[in-house]
Structures are given as structure tokens and as C-alpha cells.
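Chemist: Listed here are the chains, written in short residue letters.
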Amino acid sequence: MIQMQHFLMMSAVIFVLGIYTVVTRKNVLGILLGTELVLNAAALNIVIFGFYGNQTIESSIYALFVIVLAAAEAAVALAVGLTLYQNFKTIDTTETRELKG
Amino acid sequence: MHFFLENIWVIPLAPLIGFLINGLGCFLRLPYVKSRKFVHFVACTAIFVAFVFAVGVFFDLLGMDPAHRSFTKTLYPWISIGSLEANVAFLADPLSAVMMLIITGVGFLIHVYSIGYMHEDPGFARFFTYLNLFCFAMLLLVMGDNIFMLFIGWEGVGLCSYLLIGFWYEHKPNAVAGMKAFIVNRIGDFAFLIGLFLLFWFLYQQGHPTVAFSGIQENVHLLEGAKVGGISLLALVGILLFIGATGKSAQIPLYVWLPDAMAGPTPVSALIHAATMVTAGIYMIGRLNFVYSLAPEALVVVATVGALTALFAATIGFAQNDIKKVLAYSTVSQLGYMFLGMGTGAYTAGIFHLMTHAFFKACLFLGSGSVILGMHHEQDMRRMGGLKKYMPVTYMTFLLATIAIAGIFPFAGFFSKDEILWKTFESGGHQYWYYVLWGMGVLGAMGTAFYMFRAVAMTFFGKLGERAHEIAPNEVEEDEHGPHQHEHHTPHESPKSMTFALVVLAILSVVGGLVGIPYALGHFFHIPNFFEEWLAPVFAGAHGEGHGAHHDVPVIEYMLMVFSVAIALATSALAVYIYTKRKDLPARFVTRFPRLHRLVHEKYYVDEIYQVLVVNNLLRINQLLALFDQKVVDGFVNFAGTVVRFSSKVAGFTDNRWVDGFVNLVGNSISFAGASLRKAQTGLVQNYLYIAVAGVIALMIWRLL
Amino acid sequence: MEILNNQDSLWYFLPESVLILTFVVILLFDLPENWSKNRLLAPIVATIGTVLFLALSFYTQQFPEAITFHGMIINDAFTDFFRLFAGLTALITIFLSLKSKEVAQVRAEYWALLVGITLGIPMLAASNNLLMIYLALELISILSYILVGYLHNTKTSSEAAVKYVLYGATASGVMIYGLSLIFGVTGTLNAIEIRQFLISNPAEQLALFIGLLMTLAGFGYKISMVPFHMWAPDVYQGAPTPVTAFLSVGPKAAGFAILLRFIYTALTQDQGGVYVPLKYIDISTLMAVFALATMTLGNFVALQQTNIKRFLAYSSIAHAGYMLMAAAALNTEALRGVIFYMISYLIMNMGAFAVAIAVINDSGSEELSAFKGLGNRGRKGALAAVAMTLFMVSLTGLPPTVGFVGKFYLFSAVIEAKIYWLAVLGVLNSVVSLYYYAKIIKYMYFEEAKEQKPFALTGFSFPSLIVGLAAATVFFGIFWNALSYLTEISAHLLM
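Protein chains in written order, with the working numbering: chain R, 5 to 105; chain D, 405 to 1109; chain A, 2 to 496.
These aren't lab readings, by the way, just hints derived from the structure by calculation. Among the hints, a few may not be true.
What the hints assert, rightly or not - With a cut-off of at most 27 Å between alpha-carbon atoms, the simulated DSSO-like pairs for lysine-lysine come out as follows: (1) Lys-419/A <-> Lys-381/A; (2) Lys-438/D <-> Lys-419/A; (3) Lys-381/A <-> Lys-441/D; (4) Lys-419/A <-> Lys-631/D.
Take these sequences, add in the hints, and give me the full structure.
Modeler: Below is the structure:
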């Protein structure tokens, strides 16, 4: 029988994988994928708590907002990544390090 | 009704406006500061207006009922946080009126004098700007009706003092002298602040959170008997505040900055380092007399330090050849007398000496400035001599002021110094220790007469330059502007603007003491002791102020008076004799007791002792750290390498003066830490996120533990 | 206490509605081809919209305080203050953007984005619901990403924007994950209900703590709190200077507003002006440690900087540390103190950036050495140098400037809360900051300029803005009763 903690465990795994991706990838798009994983883990969490908890529509709406904002963020991130590529001819973060110290 | 009392805010405002006009001009390079006439007109007018209002305040107060001669003008509620309230409010009472008159009066004369003295200086406008700012801060200090304003003025005058000591900052020792004054005063101010906070905190706990002087006076009795760690709270507060005063007023052990402060222009030495700022500590004790009167232990400390300083600094004065250094140590010594008076509970006498000292010491400093200018920037007395002929006005005024400081009847110094010594002797009846202090005071007075007349003889008597051969060829000679070449000029008298100030101050040094003729002398002619009556309401609650009860004068008082005048005359005559007729004697003395002479000449090596105590200990800690490096941390090669480099850096700094070294040590430790932290900012966004995640995880672990 | 429905709440939302309208209208300006002929139109509309927003917020300020939109947004004196704050910040930024050569050729969208962020500030400050917090935070963040990368032909600008996006997206992802945990444990996202839950369920739950910590990480990213600060120097350096000025004041203040509202509302209980932390979460010590770490790091690293904007970035991190003390002190004085500090920070930081923009305009260089000899470069140079000196003195926190008063209020709140170690270390930190602020003053007066030409600060309006801010720095440093009154009425949270 699949229970609440199984779902939670899954979202936690997704979250940790997302953080791991963010910290280890060198490619801007790779890092972006990691952040999407983190956001989706959060959305999943909210839906699970709503489903097993107070059973209101609230949680589903919250999850929708998270998905929408994640899309908006991804759009901006891709646009910004494009300008980075135009300026540096690469999207490898180890090679775009003019700002430091 | 009381026009001047109602408009008392004009007194600090006038110099502030002067400061703003000249200061803005300097800062923004406005064309009008190029006109010297305009600059000194603004500065002198500002302080003169303040003086006129101070006189007005004095007469307004005079017109009031003696018992209620106090007026508070609240301008603006300044801080009100919770229970703490402090106002921008000015207090006019007999004590602050005296201080206002001294600051604005002597201040005005010195402004006028500076017109001539600073005539050729490119920083003319800057100088007057600072001078006006100083007057403003000093007036805030003495006029504020609460501790906050006192402290702001206290720090403000300090700031101006550092700025003016380092006025010719292009020359490095001057800048170092400014730094030294700054650091030494920080030590004092630290204690001062702790004292203030303690006082406020305990009043707060008693349910009377107040910083106004009147409020403290009303409630201070509640603190009687309170203890902090076994020590009476009020004594602790008194001593802490006094440590602050030893910094500002150059007492043992924090006096070391004042002689170095002579690097500033001479008018500054006269105004700030003789007449006004250095007396802030005495004013503070006078203002908080109700605290000190409840803390006899603190008073003993004050009196003892005062007497010790009076004697100690006087002896150093014997062996100085720089005319300004002689006057500097003389100032330290005279300030000691004032503290002796305060510490005896004779507040009136202390303030009285403060006033007469302002007259004659300002006169002496200005006179020395006139001599320095007349000798074309020469400060070494051994190159002087016979100036009587060339500079008659300077000579006469300098001589009169010298007689005054020596305490010869009926000049100003006699009345004030004698009153302090008499009160000390009188206190000996209750506590034998005061007899010892009295003895030190008398010895110091002898010393004063000797070194001052030595200075007069070396400067004005004899022939020009007759002692120049005594100067060892390898001695570094420096004046305010740094090392200089000796060219032969004929000395000349100074311009009118300078001699005017000298003459006025000389007259005040002669007659200034007559406002406080002691009852013992005055009752023959039915002249009241005006000064004592005037200040009586301020010190009403103080012990040891036996006003109004002078019915029988003990014979011993007359005896002591005659005795002190006699020894002053005798030592003066001795000094003049030795330095005009038996010029070989000092040299023989030096060859006979070379060690003693060197000891005194090198100011008892106090600077060097501080060097050893402070700097060398820092060095030792440094060596220990280096040892630790070699033996223990060897494994961490990289880390150790950095630390060794760092500590060698530190070792490099200690070669400099300890002041520089200390400042740089702190600065460089911080730079070093900053540089290490900076390396974490790699420019890699993954690393940034990694650190953030690590931070969250660390906090989780911290929570779980 | 009244919880209004959506319809009744609309009146309270009037000022923000004006900003939304302005935002949409300005976006339309980019549609016609000949936009470049009317360069001033968009900023003028933006200014009018912001002024109208300010006027309307004075109007709505008279309404009784209320919880609106079914508990999503709170309209109290605290919110009103941040409306005022956002409006003023936006006006100064619009002005600085007009004067800066870096953003001389921008499309209308630039102004629309500024207005959009301005909209986000009071909304974030007013949020009572964790989802609302997330939405407002993202509104500010996403628009900021675009503004930071606005100079798309510059390497640094695009690099800064990428770093900002990646860091921001991850931080908000972590935060929303934390929010989901709080939602799971308490069953609600409403801050007031969270407090009620904590009071009635005192048992310790690890998930709740982790959720709170992750939420704090999200707030911490917005206010550049150590260790979530590392994006700030890079982003501040790479962004166009007026945008940097705006980011370091407006959105940062909004972050503080929500951090304080959340901590004071959800995690503490008001006991007559003292806010006692609830059950096992020692939020006071936690925030004190964050505050100390933030101010120390900011001050220490600022010492090492050579780039003007990077220097000001670390300085702003240090100031975030001082303001964080209010989250540790947890009393009404602290709320008042931090509000006062924000006003003073607005004045002095905007002033410093204004002079920095003038210097960058003049020299074309962002190096600190561009300040060398500024005081000796003609009358305009002397003016800029005097103003900069005042801002530096104020940022250090010395009297008689507004920065001193702000610090005074903050430190007295910390002492009131009896966290003496924090007060002492905070004061020591201010002493350290003197070193690097004084460095600028030293550069301006005691060092030779590279080229001795008069400082180019033309026109009337730009110098007047600098002088005005400098005058305000001193004026409010001496006569702060009016500000003190404003902080007193603003330091009230509806909970």
C-alpha cells in the first residue's frame, strides 16, 4: 500500500537530486534543470499534503502557482542565458567568471 | 526681561556660523576665502559676538537673586528613547558663566593675535575655521545642561585639538603628535564613558533615569551606599570620570600627549592646550561636584594625582630648552594644582586658578609665539638671549605673566595658588595625608618660580645667541614646520594685532586675581571675596567650602602666605642670578650630576617606559606566536606560511612608533581576514550555492545537536 | 480584527492598482516603431504613476487597519510605511536612471520593469500568507533578473544576470520546498494561523524546523544575509549602476519587511512590546548569529575592494547585518529602530550611489581610484566630494548624521533586549567600517587625480539631488523628531 510517506520520500529524493545537480553542473542549462527539479519537488509536496491533509482546493491552487512561476522563471533564465552565450560564446560557468573577489 | 539669557543660544551659534562660512569656503574653494581680511573678519566677529553675549549673560545673572542664579534654555528635545531623555539645552549658572567668559574672552584675544601670527601661512582660512569650530565645541561642553552635551563637546574639542596639532601635517612628526594625542585620549575617554554609563545605569535602576545635571544633583544621594564589586559606586564613578579627565587635562599617567601637542601653531597651544580645552577635566569635576562630594575616596585620588603631577611636571621644566616645551610642562604642572584644589573639595579655588591660569598662561604662550616669530621660527632658548632690547612689549608682558605664575603678591597667580595651598593645608587637619600633598604643592611652586624665571633669563636677558655653543652639533632641531636652517636675522617686535592681545592678557594677569581676594586679606579693607560669593550657589552642597564663616583668621594662614611669597621671590631671584651672573653653574651642575640631568632632560623616560611596556609586550606575544608556528603548526604548511608572513608584517610595524604600530596592527589584522574571506568569492555560481546549502545543513546539525 | 473579502479589499489595493496600470501602459509604448523619438515619455509616465501611488497610499492610510483578501494581505501601518518607502526609492531611481550614461539608450520596458519591482515591494511587505510571500518575492526577483541583464551587450551584465537567475531560482525553490513542509505540518500557510498552531501544539517537530530554516534561506537570499549573500557582489557589480542602487535599497528593504513580519507574526508572541519566541525555536539567537556574521563579512571584505559598485555591495551587506539585529532583538524598539535605519539607509546609500554615478559618468571607470583628487577638481568636484564625505560619515554611523541616529536606535533596541555581546560586536564592526569609508575620503582629498580637469557634473537637477540628499543626511541627523514620529506610528504590525 502506497502511503503519504512514500510520496514524501520521493519528493525529498527529487529535491536532493535537484540540489545536487545545481551544485555540480557546470552548464547553465544543467543548473537550470536542477532548479526545476527543486521546484517540482516542492509542488509535489504541496499536492501530497493537500491530498492527505485538509482535502481543500487550496493546495492544488498553490501547486499551480508554483508551476506557473517556475515556467516564468525558466523563460527569463533562458533569455538571460542566451545573452551570456552571445557575449562569451559559451554557457560554461567556469569560463564566465569576470566577476569575483 | 533677561534678553541675553533668553538668547543664550547665540553664544555657541556665532562661532558655528563663523566655522560654516569659512569652512564651506575652504571646502568648496569659494573665492572669498582668498581674502585674508574677510576670513579673519568673519572669525573674529563671530567670537566677539559670542563674547558680548557672554558678558550680557553674566550681567543678567548678576541681576538675579544669588540663591537662584541658574537658568536653563531648552532648544530642542534631542534624544528620547524609552526612559532616556536628553535635550539640547543650555545652562547658565555662575560656573558656566565664568567658563563662557574665559572661552570667548581669551578666545577672542587669541583670534586677534592669530591674524598676525598666521599671516604668512597658506592654511590661514583653514586655521580660523578650526579655531571657530573649537570655540563652538568648547562652548557646548561648558554650556550643556546634561552629560550628553558635555560628552559631545568633550569629543568635539578633542577632534579640533587633533586637527590643530596636526595642522602642519606635511611634516610627519606633527601628524604623529596628533595621533598620539588621539590614542592617549581614547584611553581616557573609554574610562570616562564607562563612568557615565555606570552613573546613568544606577540612576535608571533607582527609577530616576536622567542625564541632566540638575536631575543628577537631585537624585545622586539615592546612590550613596551603592556598591559595585565591594567598591563604593560613587567613588568608582568619580575615579573613572577622573581617568577621563587625566586624558583630556594631561595628568599622570596620561599627560604624555600634551608636550608633543606643542607641534601645533602657538595660538593653538595658548587657546586649546593652556587656557581652555585642557581645563575641561577641571570643569567636569566642578560641574559634578555633588557626585565627588559624596565620594571622598575619589577626591583623595584626584588630589594625590594632582599634587604628584604638579611636582613631577615642574621638575621636568628645569631641563627643557625648547621654550614651548617649558610652557607645556608648566601647563601640566598648573593643571595639577587645579586638580589638587578640586580634590581638596575647594572647588572655588580650583576654578579660580583655572581662570587666572587662562590669563597668564595664554599670555606666556602668546609671548613665546611672539618670540618665535621675532626670532624667525626659532624655539630653542639657547639661541635666544637679550631679546629685551629688540622686543620690549613682548618682554614686559612675558615678565608680568611670569611674576603672576610664580605666585608673587599681588599678581593673579598669588591669590589662586595660595588659596589652593591653604585649603590643602587646612584639610591636613582632618587627614594627615593632605600635609604631604601640601608639601608637594609648595615644592612644585618653588620649581615653577625657578623654571619660569630661568626661561625669562635665557630668553630676554644677556646677549643674543650667547648659549648657542651649548647645543650639541648632533641635536636634531625642529620647530613647528620641521627641521630648518639657521640664518642670522635681527629679532624684531611683532605686529600690533599680536601685541594688543599680549598687553590685554598681561593686564589681566596682574589684576585678575583681585576678584578673589581671600577673606584673610580682604577684611582689612572690607573687600568681599567676590569670586567665592559668585560661585557659592553652584558648590552649595559641597563639603569643605566654609563660606561666610570667616570670623577668625588663623595666624598660620598669614604665615603661610608670607612663606610662599618669600620662597617664590627667593627662587625667582636665584634663577635670575644663576642664568645671568653665574652662567657656568648650570653646565657644572650637568657635569657633576650627568645622570640626574639626563633623567630630567629626557622627561624621566616616560615615553620610553610606555614604549617598553606596550610595544615590547606586543613583540613578545608576536614571538610566542611565531614559536607556536614553528613547533606546532608545521604540518599545515600553507596555513603556517600565511601566518608567518602575516606576523612578519606585524613585526615590521613595531619598528615604527607604537602609535602607528598599534593602529596598523588592528588595520592589518582586519585586512588579512578580509582578504581571506574574499577568496571564497570565486565567481562560480555553483560554489555560491554550495556555501548556501552548506549553511543550511550546518544550521540543521546545530539544531540537532 | 477584520478579515475582509475580495470585494471589500479592493479599496485597500487602490495604490497598487495604479502601479499595475502604469506598468501595462508603459509596456505599450514599445509597440510603435518610433519610440526612440519620445525617450522621456516613459519615465514621465512612470514618475506620474509613482507619485499617484504615493498620493493614494496617503489616502488609504486613513482606512482602518485590516486583513484583506481573505487573509492574504495585511494593511497596517507597517505596510503603509513600505508603500512610502517604495515610492520614494522608485522616484530617486528613475531620476538616477535618467542621469546615468549607462542606461541612456533604454526602451520603455526598462521603466515598466522599475515600476513592476516597485509594485512588488509593498506587496511583499504586506504578505501574510506564505504563498503570497512567494508570489511577491518572485515578482521582484524575475523583474530584477531582466534589469540586471539589461545591458545585453556587456559581458559583466549578462554574467551577473545569469548568476542572479540561477541563484535566485534555486533559493526560491528551496524556500517553496520549506513552505511546503510548513504547510504539511501546520495545515495552513497563513502566518497568523501558524502562530496559533505553534501555541496550541508545543511538541517539537523537526520537519517544521527544517521548513522554517529553508524559508529563512529564501528571505536571506533577498536581503543578502550571510551565508546566502554570495550572489550580491557579483550582481551589484555587473548590473547597470542605477539598477544596483535600486536593488540595494528597495527590494532589500522589502526582504527585511517580510522577514520581520514573518518572524514577529508567526514565530513570536506579543507580550506588551516584547515579542517572546515561541516554543523550541530560539529565533533570537539564530538571527543574532546571522546578523553578526553578515555585518562582519561585509565589513571585512569591503576593505579589500577596488571597484566602486562592489565596494558599495559589500557595504550594503554589512548594513543588512546591522538591520538584522532587529530580528534578534524582538521588541517594539527594534521595529522602530529598523524602520528608522531603513530611511537613513535610503538617504545615505542613494546619495553614495548618486555620487558614484556622477564619478562613473565623468571618468568612464568603475575603479575606486576614479575618486582620487575629487575634492580638488573645481567647484563641482568639491561639491561632490563634500556630499560623498557626508554619506561616508553617515554610513559609518558617526554624528551628526542620520546614519548615527539609525544606529543609535538599533543598538539601544539590542541593549534593551539584553543581547550585550551583539551590541558590543556591532559597535566594533562600525569601527572597522570606518577604515574603508575613510579610504574614500582620503582618496578624494589627499591623493592626486589622474587628470586635473574640472569634474563634469553638469546641469542643475543632478547636483541638486546630491546636495538635497547630503542636506537630508545632516538635517535628519540633527532634527530627527519628525522621522522618529514616523517610525513610531509605522512600527505597528497587525497580527
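Chemist: If you check each hint against the structure, which ones fail?
Modeler: The structure conflicts with hints 1 and 2, although it agrees with all the remaining ones.
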